[in-house]
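Trainee: Could you put the whole structure together from the sequences, leaning on the hints where they help?
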Amino acid sequence: MEEGCIMKIMEIIGEAEGGMKGHYISLVKGLKAEGAKVITLCNFPKDDIRKLEAAGIQVKSFPFSRIIRPFLFLWKLMSLIYLIRMSDPHIIHCHGYKAGFLGRMAGWLSGMPITFVYTVHNFVTYGRGKIASWYIRLFEQWMGKKTQSIICVSKALKTSLNEDIGIPEGKLHVIYNAVPNWPPGDGKPIREKYKIGDKERVIGTVARLIPSKGIHVLLTAMSGVLFKYPNTKLLIVGSGPEENHLKKLSESLGIARQTVFAAKVSNVQDYYAAFDIFVLPTLSEGLGITILEAMTYELPIVATSVGGIPEWLTHEKNAILVPPNNVFAIRTALQSYLENAELAEKHGRQAKQDILARGISEEEMVKQTWLVLKEAAL
Numbered sequence: 001m002e003e004g005c006i007m008k009i010m011e012i013i014g015e016a017e018g019g020m021k022g023h024y025i026s027l028v029k030g031l032k033a034e035g036a037k038v039i040t041l042c043n044f045p046k047d048d049i050r051k052l053e054a055a056g057i058q059v060k061s062f063p064f065s066r067i068i069r070p071f072l073f074l075w076k077l078m079s080l081i082y083l084i085r086m087s088d089p090h091i092i093h094c095h096g097y098k099a100g101f102l103g104r105m106a107g108w109l110s111g112m113p114i115t116f117v118y119t120v121h122n123f124v125t126y127g128r129g130k131i132a133s134w135y136i137r138l139f140e141q142w143m144g145k146k147t148q149s150i151i152c153v154s155k156a157l158k159t160s161l162n163e164d165i166g167i168p169e170g171k172l173h174v175i176y177n178a179v180p181n182w183p184p185g186d187g188k189p190i191r192e193k194y195k196i197g198d199k200e201r202v203i204g205t206v207a208r209l210i211p212s213k214g215i216h217v218l219l220t221a222m223s224g225v226l227f228k229y230p231n232t233k234l235l236i237v238g239s240g241p242e243e244n245h246l247k248k249l250s251e252s253l254g255i256a257r258q259t260v261f262a263a264k265v266s267n268v269q270d271y272y273a274a275f276d277i278f279v280l281p282t283l284s285e286g287l288g289i290t291i292l293e294a295m296t297y298e299l300p301i302v303a304t305s306v307g308g309i310p311e312w313l314t315h316e317k318n319a320i321l322v323p324p325n326n327v328f329a330i331r332t333a334l335q336s337y338l339e340n341a342e343l344a345e346k347h348g349r350q351a352k353q354d355i356l357a358r359g360i361s362e363e364e365m366v367k368q369t370w371l372v373l374k375e376a377a378l
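Note that our numbering numbers the sequence shown so that position 124 is 124, with each residue one more than the last.
It cannot be assumed that every hint is accurate.
[Stated by the list, open to error] Computed cross-link-like contacts, DSS-like style, restricted to lysine-lysine with a CA-CA straight-line distance of at most 25 Å:
id : residue 1 : residue 2
1  : Lys155    : Lys8
2  : Lys264    : Lys195
3  : Lys98     : Lys60
4  : Lys37     : Lys374
Source of the hints: derived by calculation from the structure; they are not laboratory data. Everything numeric in this text was worked out from a predicted model, so none of it was measured.
Mentor: Encoded structure:
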């Protein structure tokens, strides 16, 4: 790229919810503020698209679902090649595996002199069979040679890409998700909305309702917790394809009356304020921005010791960490906090201190990413 010209960046993302989408929206707005011309390629709801356009960002809607079907894959690949040629970006920056696969492939096939940067939010082979994992590794090794920089949201992801996939360490950069600068939440209206009494304890989670988030494990654990502590409610914030299955599971476990599915909400900070304990039972996680959010709200946290979570939480210092997919461990950890208010308060207070000391702001996250993008384009 010629010195002095405005950097044109195409930011590509597939279907995204929660932390990943929030990270993307903050980033593209921040990059525009840094002086880049940003073109977003996404499949977001109309409200999100309108907000991006109102911020002066060019938005192109592009569906990434079902790209594994041969005809759809070829059609979407050719459509994306056309969009790339028409947009003529200096950099293609992809987020997540689907966008990373299709976006970099289309950029390479376009034949244009493009710099590739890829942000990895989750483990690329998790939950896939041996054959699919083998193909993914092969693609990442091949495309990794053509990708100038790869950003990882945790050290655990960096280690996985380096040791499991074989990406050279020099191409890998760790930039943590930003800590949201939200105003204080008000939990009282949330408790009133769901008829939660003042003396009832609320165990809450914020997660997309997909198998890898482990909500089915949490529900099973809660059946034991609620048997011992019936004056407790489980509040699940988030939506996803597993929602109906999880509701049926809560009914079969006999805890449906004490379980609230709040779906997707716009005022998530008020829900954090309504929680007494936060739990993240995820089976695989690059980092989990909800962990950082819960830390800012001084909540005692029960979380699985997977991915980048132990980079922020230390067992019996600022949280209770448990093995993934372990019903007994989650139940025991939650009961420890319910039985010992002093321990819960101590861990929550320490978590807040740690996030204030180590967390980065959205502005810092944007500046670190902007630096990687500029260096990659040299």
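Trainee: Each hint: holds or not?
Mentor: Here is how each hint holds up against the structure:
1. Lys155 / Lys8: Roughly 29 Å between the alpha carbons, so the hint for lysine 155 and lysine 8 is violated.
2. Lys264 / Lys195: With Cα atoms ~19 Å apart, lysine 264 and lysine 195 stay inside 25 Å; holds.
3. Lys98 / Lys60: Status holds; Cα separation ~17 Å.
4. Lys37 / Lys374: holds (13 Å)
Of the numbered hints stated above, the single one contradicted by the structure is hint 1.
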